[in-house]
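Could you put the whole structure together from the sequences, leaning on the hints where they help?
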Amino acid sequence: MALGAVVPLLVAVSGWRGRPGVHQGQRFRRGAALGATAGVVHYLGTIYWTGAVVETFGGLPGWVAALCALALALYMAAYTALACGLIGLAVRRLGTRGLALAPFAWVAAEFARGHVLGGFPWVPLGSAVVTLLPIAQLASLIGVYGLSGFLVTLGTLTGVALTSDGRMRLAAAATAVLLLTGVSVWGAARVADGALTRQGTPIRLGLIQPNISQEQKWDRSRAGDISRQLTALTRRAVAAGADAVLWPESSTPYLFNEDPVQAEGVRALVRESGVPLLFGTDEIERGTPDRFYNSAFVLDPTGATAAVYRKMQLVPFGEFVPLKGLLFFVSPLVEAVSEFAPGERVTMLPFGGHMASTAICYEVVYPHLIRRAVLEGSELLTTITNDGWYGQSSAPYQHFELASMRAIEQGRYLARAANTGISGLIDPYGRVVVKTAVFEDAVVTAEARFLQSRTLYATIGDAAAVASLAVALAAAAWLTATRAAR
Numbered sequence: 144m145a146l147g148a149v150v151p152l153l154v155a156v157s158g159w160r161g162r163p164g165v166h167q168g169q170r171f172r173r174g175a176a177l178g179a180t181a182g183v184v185h186y187l188g189t190i191y192w193t194g195a196v197v198e199t200f201g202g203l204p205g206w207v208a209a210l211c212a213l214a215l216a217l218y219m220a221a222y223t224a225l226a227c228g229l230i231g232l233a234v235r236r237l238g239t240r241g242l243a244l245a246p247f248a249w250v251a252a253e254f255a256r257g258h259v260l261g262g263f264p265w266v267p268l269g270s271a272v273v274t275l276l277p278i279a280q281l282a283s284l285i286g287v288y289g290l291s292g293f294l295v296t297l298g299t300l301t302g303v304a305l306t307s308d309g310r311m312r313l314a315a316a317a318t319a320v321l322l323l324t325g326v327s328v329w330g331a332a333r334v335a336d337g338a339l340t341r342q343g344t345p346i347r348l349g350l351i352q353p354n355i356s357q358e359q360k361w362d363r364s365r366a367g368d369i370s371r372q373l374t375a376l377t378r379r380a381v382a383a384g385a386d387a388v389l390w391p392e393s394s395t396p397y398l399f400n401e402d403p404v405q406a407e408g409v410r411a412l413v414r415e416s417g418v419p420l421l422f423g424t425d426e427i428e429r430g431t432p433d434r435f436y437n438s439a440f441v442l443d444p445t446g447a448t449a450a451v452y453r454k455m456q457l458v459p460f461g462e463f464v465p466l467k468g469l470l471f472f473v474s475p476l477v478e479a480v481s482e483f484a485p486g487e488r489v490t491m492l493p494f495g496g497h498m499a500s501t502a503i504c505y506e507v508v509y510p511h512l513i514r515r516a517v518l519e520g521s522e523l524l525t526t527i528t529n530d531g532w533y534g535q536s537s538a539p540y541q542h543f544e545l546a547s548m549r550a551i552e553q554g555r556y557l558a559r560a561a562n563t564g565i566s567g568l569i570d571p572y573g574r575v576v577v578k579t580a581v582f583e584d585a586v587v588t589a590e591a592r593f594l595q596s597r598t599l600y601a602t603i604g605d606a607a608a609v610a611s612l613a614v615a616l617a618a619a620a621w622l623t624a625t626r627a628a629r
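Be aware that the sequence shown starts at 144, since it is given in the working numbering, and climbs by one per residue.
Worth flagging that the hints you see were computed from the coordinates, not collected in a lab.
Simulated pairs of lysine to any residue, SDA-like, Cα-Cα distance not exceeding 20 Å:
{"hint": "1", "residue 1": "LYS578", "residue 2": "GLY384"}
{"hint": "2", "residue 1": "LYS360", "residue 2": "VAL404"}
{"hint": "3", "residue 1": "LYS360", "residue 2": "ASN400"}
{"hint": "4", "residue 1": "LYS360", "residue 2": "PHE435"}
{"hint": "5", "residue 1": "LYS360", "residue 2": "ARG371"}
{"hint": "6", "residue 1": "LYS578", "residue 2": "THR340"}
{"hint": "7", "residue 1": "LYS360", "residue 2": "ALA585"}
{"hint": "8", "residue 1": "LYS360", "residue 2": "ALA195"}
{"hint": "9", "residue 1": "LYS360", "residue 2": "ALA375"}
{"hint": "10", "residue 1": "LYS360", "residue 2": "PHE483"}
{"hint": "11", "residue 1": "LYS360", "residue 2": "TYR397"}
{"hint": "12", "residue 1": "LYS578", "residue 2": "SER537"}
{"hint": "13", "residue 1": "LYS578", "residue 2": "LEU276"}
Now the structure itself:
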């Protein structure tokens, strides 16, 4: 559906013809209103689960939780509104040719949403085609934002074909068909070749999914049972031939560095198995004041700590509360949230002479963070998460597919260990090698490879998105200036 999803919106924006003498601001507001309406409907349909999360785990009344979900949808839709307002101005000034600005305006808005105020790049348009592998391969060249631009370009050409006649209609339709065909043929050939799956050094990974409910994770009376379950699942993975094992985010029901008895049990398990272990745990750095981190530890085969990564991109209203002093109306949520400090750097994780990296929870939806790890030497991408917060919703499925896009962008295998699922392994072309169901305890093993070659996107990063932002800003300035001069 993403191939044509923006067509009705662009036709609506371009189809409006303002009355002579109508002020420019009114034209902008009409386009923005159409964009806002489409955005709110879309985002309420995709991030509706945020309301249930803050109600269940933040202790908010249902109506306040619903308002929180609505507020987030309105915030995300504001970027769509800005893009469509700018497109509306361009169409009014240039006619149908103004639609040429649409891909640039859309990508600029998505890119800004991924960075402003810490960013929230959840479900950009390009991510919708991550399972349409021939087209998704374009992300290896220009990233997910560039892929969004490609989809909007197809929508723009289709919109022009629907609202024009004669040669313009024919040219727009033919160009859309040629673009879609060319990218699909190239992408299918890239996937079929699969050269990256034959390169590098293989490693068999064991992914542990203990399926511990949120209510039980920090119940001290359950700590022993949880530790025994993790131990049993790990032994199963090692028996199945795992060369390294991954536990999920915050998997230990205690602070690893603060509980030497429990920690020694984990170290003994690693020494017994003889394979490295990556796992998530909360960490305290003692000082004045103490600092709390959401961290990932790697133990080498001797049980010693080989590396520690501290989560850099914290979850608003989950791990910290922005503008806490102003948000008195969600005081139960503020009180329930633990204040974590952000990590300061990407840390390479050693695995048998090779380097891997990890992203904790929703860090994996930030393309620039994963690219940064690859540039610093990561040969294997991992992500550990606890999606138990999301309950029975579409969020775990969205999260898994958003993570899959990072594998295509960077040309790396990506391994994912999730407390309640979905856990799995994705190859460098976005193909799912293995994955689990949600809300079941599971152990899966699969072969990945340490890779060192880089995709074009890893080299140039979000150059396409930055260029789109520059074009959109320049167009906004020009449209405003030309109107003022008339």
